[in-house]
Amino acid sequence: MSDASPLKIKIDRNDRQCRVTLAGDVDMGSAPVLRKALLEVIETPFDRLVLDLAGVNYIDSSGVGTIVELRRRTDRSGGDLVLAGLQERVRSVFEITKLDKFFTILDDAEGNAAT
Amino acid sequence: MGHAGLKLELTSDPGQLQKAREGIEAWIRGIGWAPHDIADMVLAVDEALTNVIRHGYQGATGQPIYVTVDALADRPTGVGVQIRIRDFGRQVPLDKICGRDLEDIRPGGLGVHIIKSVMDFSEYRHISDGGTELVMRRYPRPKQEGDQAKPAGPDPE
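If you're matching them up, the sequences are chains A and B in order.
Going by my numbering, the first residue of the first sequence is number 1, and it counts up by one from there.
Going by my numbering, the first residue of the second sequence is number 1, and it counts up by one from there.
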């Protein structure tokens, strides 16, 4: 029996630019850990927060819901939130739930604009 | 058909979700499905199990969940898959199990929408001696860029 792989969360902050890099699976088990980390991140004002999902192999509605909550909070507090580096499987979940139109999704993990 | 079924005996622990995903994915890969079909099926099972843990067992851990996977008769599009998920938890009223309006952007309530979107058929039923069973079926679908959620057609039965 395998336990859920721990979700790795790396936070880099440079002045008012912030990057949160995730690696692993985001599901019901790991979403609460992610939520706690993200809420701590946005306690400090920022201009731009990049959520780097290139290392996320799997996400379900628990993870997507956590990111929706983050977006709602950043809408209120100010600062841009962008999602970057989504693998096809992860992007598909945003498309199925029609949330791909709700977020700014950038092509690569560096946060460059989609072409 | 030659495809032996799969049975998983799980408990209502979030840490079991990965085990379920890996088991389902390996089995479906064995019948030759394309990656996008596998991903959708794995997602639906994960969402269903999450709902069982959250709503059926209301977060209580260590409770039984049985998952049964079977191949369905071959079609021109390929072999179909049926999944049954049986729990012994609280019976949520069937009319309360429905996807919500996606125009209402908020966390939560997306699991049933995902299941209905990616499966050809899904049905919950209460079991007389307790608990609920969810039956889901799907056949392979052509990959459609940006439109993987489109239903493929009527239920095979």
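It is worth saying that the hints were derived from the structure and are not from the lab.
A hint or two may mislead.
In the DSSO-like style, the derived pairs of lysine-lysine whose C-alpha atoms are separated by at most 27 angstroms in a straight line are [claimed, not checked]:
#1 Lys-7(B) to Lys-19(B)
#2 Lys-98(A) to Lys-7(B)
#3 Lys-7(B) to Lys-101(A)
#4 Lys-101(A) to Lys-36(A)
#5 Lys-10(A) to Lys-96(B)
#6 Lys-98(A) to Lys-143(B)
#7 Lys-116(B) to Lys-96(B)
#8 Lys-8(A) to Lys-116(B)
#9 Lys-116(B) to Lys-7(B)
#10 Lys-116(B) to Lys-143(B)
#11 Lys-116(B) to Lys-19(B)
#12 Lys-36(A) to Lys-8(A)
#13 Lys-10(A) to Lys-36(A)
#14 Lys-36(A) to Lys-116(B)
#15 Lys-143(B) to Lys-101(A)
#16 Lys-7(B) to Lys-36(A)
#17 Lys-98(A) to Lys-36(A)
Computed far set for chain B versus chain A, every beta-carbon distance over 12 angstroms [to be verified]:
#18 Pro-14
#19 Tyr-66
#20 Asp-70
Pulled a few chain B residues facing chain A out of the computed Cβ check, cut under 8 angstroms [said to hold, decoys possible]:
#21 Glu-47
#22 Thr-50
#23 Val-79
#24 Lys-143
None of these values were measured; they are calculated from a predicted model.
Cβ coordinates follow ideal geometry from the N, Cα and C atoms, glycine included.
We went through each hint and held it up to the structure:
1. Lys-7(B) to Lys-19(B): holds, 12 angstroms
2. Lys-98(A) to Lys-7(B): violated, 33 angstroms
3. Lys-7(B) to Lys-101(A): violated, 38 angstroms
4. Lys-101(A) to Lys-36(A): holds, 25 angstroms
5. Lys-10(A) to Lys-96(B): violated, 39 angstroms
6. Lys-98(A) to Lys-143(B): holds, 17 angstroms
7. Lys-116(B) to Lys-96(B): holds, 14 angstroms
8. Lys-8(A) to Lys-116(B): violated, 31 angstroms
9. Lys-116(B) to Lys-7(B): holds, 23 angstroms
10. Lys-116(B) to Lys-143(B): holds, 17 angstroms
11. Lys-116(B) to Lys-19(B): holds, 23 angstroms
12. Lys-36(A) to Lys-8(A): holds, 13 angstroms
13. Lys-10(A) to Lys-36(A): holds, 13 angstroms
14. Lys-36(A) to Lys-116(B): violated, 30 angstroms
15. Lys-143(B) to Lys-101(A): Holds, because 20 angstroms separates the two Cα atoms, which is no more than 27 angstroms.
16. Lys-7(B) to Lys-36(A): Not satisfied, since the Cα-Cα distance of roughly 35 angstroms exceeds 27 angstroms.
17. Lys-98(A) to Lys-36(A): holds, 25 angstroms
18. Pro-14: Violated, because the least Cβ-Cβ distance between Pro-14(B) and chain A comes to about 3 angstroms, which does not exceed 12 angstroms.
19. Tyr-66: holds, 16 angstroms
20. Asp-70: Correct as stated: the minimum Cβ-Cβ distance to chain A is 23 angstroms, above 12 angstroms.
21. Glu-47: holds, 6 angstroms
22. Thr-50: holds, 5 angstroms
23. Val-79: At about 21 angstroms, which exceeds the 8 angstroms cut-off, the nearest Cβ of chain A leaves the hint on Val-79(B) violated.
24. Lys-143: violated, 10 angstroms
Checked against the numbered hints above, the structure violates hints 2, 3, 5, 8, 14, 16, 18, 23 and 24; every other hint is satisfied.
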